[in-house]
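Peer 1: Sequence:
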Amino acid sequence: MGTLRRRLRTILVVDDDPLLLSALERDLRARGLDVHRAAAAAEALEVARRVKPDCALVDLCIGQDSGIDLLHELKAEAPEMLVLLLTGQGAVQNAVDAFHGGAADFLQKPIGGKALEEAIERALARGHGAPAPTLAEAEFDHITRVLEECDGNISEAARRLGIHRRSLQRKLQKIPPHGSD
5 MGTLRRRLRT ILVVDDDPLL LSALERDLRA RGLDVHRAAA AAEALEVARR VKPDCALVDL
65 CIGQDSGIDL LHELKAEAPE MLVLLLTGQG AVQNAVDAFH GGAADFLQKP IGGKALEEAI
125 ERALARGHGA PAPTLAEAEF DHITRVLEEC DGNISEAARR LGIHRRSLQR KLQKIPPHGS
185 D
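Be aware that the sequence shown starts at 5, since it is given in this note's numbering, and climbs by one per residue.
Derived from the structure by calculation, the hints contain no laboratory data.
Predicted, not measured: the structure shown is a model, and the values here were computed from it.
No false leads were slipped in.
Below, simulated BS3-like cross-link-like pairs (lysine-lysine); rule was C-alpha separation at most 30 Å, straight line: (1) Lys79 to Lys113; (2) Lys175 to Lys118; (3) Lys79 to Lys118; (4) Lys178 to Lys113; (5) Lys56 to Lys113; (6) Lys79 to Lys56; (7) Lys118 to Lys56; (8) Lys113 to Lys175.
Turn these sequences into a full structure, and let the hints steer you where they fit.
Peer 2: In structure tokens, the structure reads:
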């Protein structure tokens with residue numbers, strides 16, 4: 005994350021899973037970033053107000069708290085902050101809600117290393133002049149990522165996305181939104 009370290013100073017990681025929180029913190033610190041962590045939404049808001057991070061990685065479900073609600077609150081506090089949502093529940097509607105709320109990306113857990121670096125780099129690129137993806141593009145990208153994580157297994161990808169297998173097959177038959185004329 006050489007270029008990432010030059011473009012970000014601080015990052016806030018919000019997750020109620022202490023093992024994942026520690027792993028993400030170690031991974032990001034090893035890449036030279038100043039990492040702050042929170043295990044609840046109220047704690048995350050307090051840290052964000054105090055530290056003013058450049059970026060936040062937020063779990064979709066933080067105990068009883070909603071990552072989507074926290075996304076809205078973080079963006080209200082600092083509209084320029086990059087917020088990436090993490091989830092173990094890759095439902096398409098969650099991805100759409102996340103992007104509609106201003107998330108820079110919607111990532112399937114577990115994530116770390118190169119995949120996390122690439123996601124943050126994409127978010128930084130979009131935040132500096134590149135157009136944000138449309139909802140159709142974001143949905144297609146999310147479906148494609150989940151399908152790749154399932155090694156092309158349609159049934160498993162559909163289960164993770166929270167949609168019927170046939171609905172996923174129909175979506176995949178459509179022309180990808182990125183290459184349309």
